[in-house]
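Q: One-letter residues, chain by chain:
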Amino acid sequence: MIKKAVTSFLSLSLASVLAFAGCSSQSTQQTGNQSEGSTQTANAGEKVTLSFMHLWPEGSSKQHNMIVKDIIQEFQAAHPNVTIKTEILENEQYKNKLKVLSASNELPDVGMTWAAGFLEPYVKGKLFAPVDDILAGGLKESFVPGTTEAYAVDNKTYALPVELNIVPVYYNKAIFAKYNLQPPQTYEEFQSVVKTLADNGVPPIALGNKDRWTGSLWYMYLADRIGGAEALKKAIDRSGTFEDPSLVQAAGEVQKLVDMNAFVKGFNGLSNDEGKSEFMNGKAAMYLMGTWELPNYTTNESVPKEFRDSIGFFKFPSVAGGKGNVDSWVGGPGVGLFVAENSKVKEEAKQFAKFFVEKWGEQSVTKAGVIPATKVDTSKVQLPQMYIDILSELNKASNITLFADVQMSPGVAQTHLNMIQSLFGKEVPPEEFAKKHEEALAQEQK
Amino acid sequence: MDKVMSDKKVIALYVLPALTLVLALIYIPIVLTGYYGLMQWDGIGEMVFIGLDNYSRLIADPMFWKSAYHSFLLAIFSTASLFGYLLIALILAEKIKGANLLRKIYLIPMLLSSVAIGQLWLKIYHPSNGVLNQFLTALGFTETPAWLADSSTVLGAIFLPIVWQYAGFYILIYYAALKSIPESLIEAARIDGATPWQIAFRIKIPLIASVIKVTLVLAIVGSLKYFDLIYVMTDGGPNGASEVMASYMYHQAFRGFDFGYGSAIGFFLLLICLVVTWLIRKLTAVEEEIQYS
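Chains as they are written, first to last, in the numbering used here: chain X, 1 to 446; chain R, 447 to 739.
Isolated chain R (complex conformation):
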């Protein structure tokens, strides 16, 4: 094996297929997006080079900043939810009764496609026949909100399924990380008289810090570029009250025939995600990995 791997040609041969795909499907489109972002282009006719005009328009576009604000709200919301997931994972990782079943229950939303989840929650939120409003009516509320139609409730109503959708994913990651902590460490702590809380916060969480960091990046970046359920459930409406950056990009490019501006938004979104990823890494950098063993 070592012999094969020392041959540079063979390495190149092995790397090539994946590299070509990545280049063709990801990096080249990114470069193209950047290029289109400098053009005035309706997607059909001639492209006209307009330099950074699309970007100056972007900076001055209140609708874009509104959607960016919604995206950041979602990022904060999903980051906050990570704590809940961590807690659930900590409990599941203990040898409690039914942990296995619970783990599966939490994972099920992950198995559904976004569109199915969207349809499901549309039914729940339906203003007159929806499960939620019928429940509220049964409790005696007379003025039930029209969740997705009201610009004051729509954001909260749509964040909930987004967070719910990914619950199983993060719980599974935390669960796996917690399970990989050697039993001997926990036992040593217990013998030294550590309470369960101390074991959780002083031993387990520091040991999985690097995993938590990854989930932070995933959750925040995932929120910033989020699109699926917004598209399925509200299409950014009513009047942009649930518009996020990715859906705004889509609407500009495909509905408004403004591919130049749409590309500029896409590229800007990429930059924002890169900066945020870099920031998270900076902020959560620790001197060295904690090692107890």
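The following block holds chain X by itself, in its conformation from the complex:
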């Protein structure tokens, strides 16, 4: 009997241990790495080991992974005394591990971070080193203006931007042609496109809203087109409010789209990948997503060429009477490289980070077909037309609004994302949607 009691007790306590089991095993492993490095001083010529963590595993991000490997090899060849130890984790696990490692103050020497709200706790905890000294030597000018600022806290920059993304609406030209539709310029035209498709039994828009940030993109664009570029930003930084009529109206428009059956069936239960597959298999006609999807419509050989050629994009249409500009985009820098504040090999780490962003800028364009945060010289390289079009749109952009959940602090972002799901599921009216945001933000300020 006692034995049984113990077993059940043990098994139930597993739940509470969940978070901490990972902690103990990983930290020992990591200490190993660091003590190796710590015995070395940062003098050139001496052997040093640099730990580097990124989030592009070979399985799901093959091209990214390959480029990173090449860059590391190149760096090691140029600096024979440096050995780089990489650790690769998938997005969500990466975020978790970063938290666990920072709790025990054992971050890798160089790693990846997201901008703004994600970065802030790490900066406040003095875990990331400022990288302004690296940017000073002309490197800053090679970035697209505004990208490094997204990683700045109190006028110091804490990461080097790697990616830059904007979010266009992709559409299937074949489906549009079949129903005699044109890419819409205004929101009214957009609504009639949606209506025509829905009436013909074609799911107009692919959306996987289980991941929630996907739905947030729709809300953000509507907020931008109706309330202008500043409305949402101000609501988040507390100089404005979510109860602003234009933001409430944007939430209302989202629900109108849901009423029109604009989104694929059961979108709230589908992950982004599942939602995306509705677009990729040619069922749904439109898909609102970041430019990291570009390779799927241009260079990715595993996607049928016929499909790739049938995809175009248009800018999110303008809303009549709204303050927004069609050249204002949702998007912004994705991941950036940080250097750990208490890295024992900070000099090498900074050199590597600099080397990485420079090389990434050259190679990501041609090899992975994504947009780097550094400026791209389109005259030098051969690029698919869609890629060039997106780049020229990017150069024309009047404003880029950073993803809402990245702008917000992690706690508020959770409320925002949950409310997005409820809004799309029509479980809350727009007014309540606004009120819940206000409550979460007010609590944060206490």
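None of these hints come from the bench; they were simulated from the model. Keep in mind that this is a model prediction, so the values were computed, not measured. Take these hints with a grain of salt, some might be off.
To be verified - As a list, the in silico BS3-like pairs of lysine-lysine whose alpha-carbon atoms are at most 25 Å apart:
| hint | chain 1 | residue 1 | chain 2 | residue 2 |
| --- | --- | --- | --- | --- |
| 1 | R | Lys569 | X | Lys283 |
| 2 | X | Lys47 | X | Lys346 |
| 3 | R | Lys569 | X | Lys276 |
| 4 | R | Lys625 | X | Lys265 |
| 5 | R | Lys550 | R | Lys625 |
| 6 | X | Lys436 | R | Lys512 |
| 7 | X | Lys323 | X | Lys396 |
| 8 | R | Lys550 | X | Lys426 |
| 9 | R | Lys512 | X | Lys435 |
| 10 | X | Lys47 | X | Lys350 |
To be verified - Looking from chain R toward chain X, a few residues come up when the C-beta cut is under 8 Å (computed):
| hint | residue |
| --- | --- |
| 11 | Ala506 |
| 12 | Asp507 |
| 13 | Pro508 |
| 14 | Trp511 |
| 15 | Ser574 |
| 16 | Leu594 |
| 17 | Ser597 |
| 18 | Thr680 |
| 19 | His697 |
| 20 | Asp704 |
What the hints assert, rightly or not - Pair ranges (Cβ atoms, derived):
| hint | chain 1 | residue 1 | chain 2 | residue 2 | range |
| --- | --- | --- | --- | --- | --- |
| 21 | R | Val721 | X | Asn399 | 49 to 57 Å |
| 22 | R | Gln565 | X | Asp237 | 36 to 44 Å |
| 23 | X | Glu149 | R | Val494 | 44 to 52 Å |
Where is the CB? At the ideal position from N, CA and C, for every residue including glycine.
On the provided structure of chain X, position chain R as indicated by the hints.
A: Chain R in isolation, oriented as in the chain X frame:
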């Protein structure tokens, strides 16, 4: 052997490795969880001691109670399913044709990892291409539900695979227990003219009562701390309609950067499980073990 075991040092030596592991991996983290639960901590910066504030927040948090309600619903659901398993085990333990094959079939879900099961059922529940909805459409239903996306259907839709997942496990336990009943008892009963129903309910079930009690504890406590399929299939959504206590803890700690509050939830979950285990033992306590032989 007796001689070796009488030496206290040797006993200590043998016990030590397991004891160290258990202490290091289970009890110390529990104590730490309790400690973190008293802190305001984002997992990165400084910890600030705030006493029981996390717990008073927990008591007043409607989202936590909603997830606790879901966990208890799951516990009731899986307890109810135990009766079904018992029935199946009773039938399997009879010498019926194909019992061996059936037993293996029931056990297969046990061999799959939770993630695989989650993926499998995601395909079944897919709102447009899913097996279930295509079947319903073929039957002539036009308005098929979007199972995992609708807050009114999501709980039922996700409980089913959870219960299905453990079917083989409980059936196997009952089956083994039933097989251990001496044949002579059953035969004696049969000679005395007992019907198969009487044999099942008056003889077999009372004899395996202690096993049933254990499965009750396993099922209820297992449900209260359940996490896997919720995480894989719905991630607690839509908007918390399938959130359970463990997933809520995870979301608070890892998504909301609130390790203090997350730890408090974890510790509270542990307390709930302990109390419930104690309650089950109280409620099912019998004066003495039934012995027929």
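Q: Output the indices of the hints that this structure fails to meet, ascending.
A: Violated: hints 4, 8, 11, 12, 13, 14 and 23.
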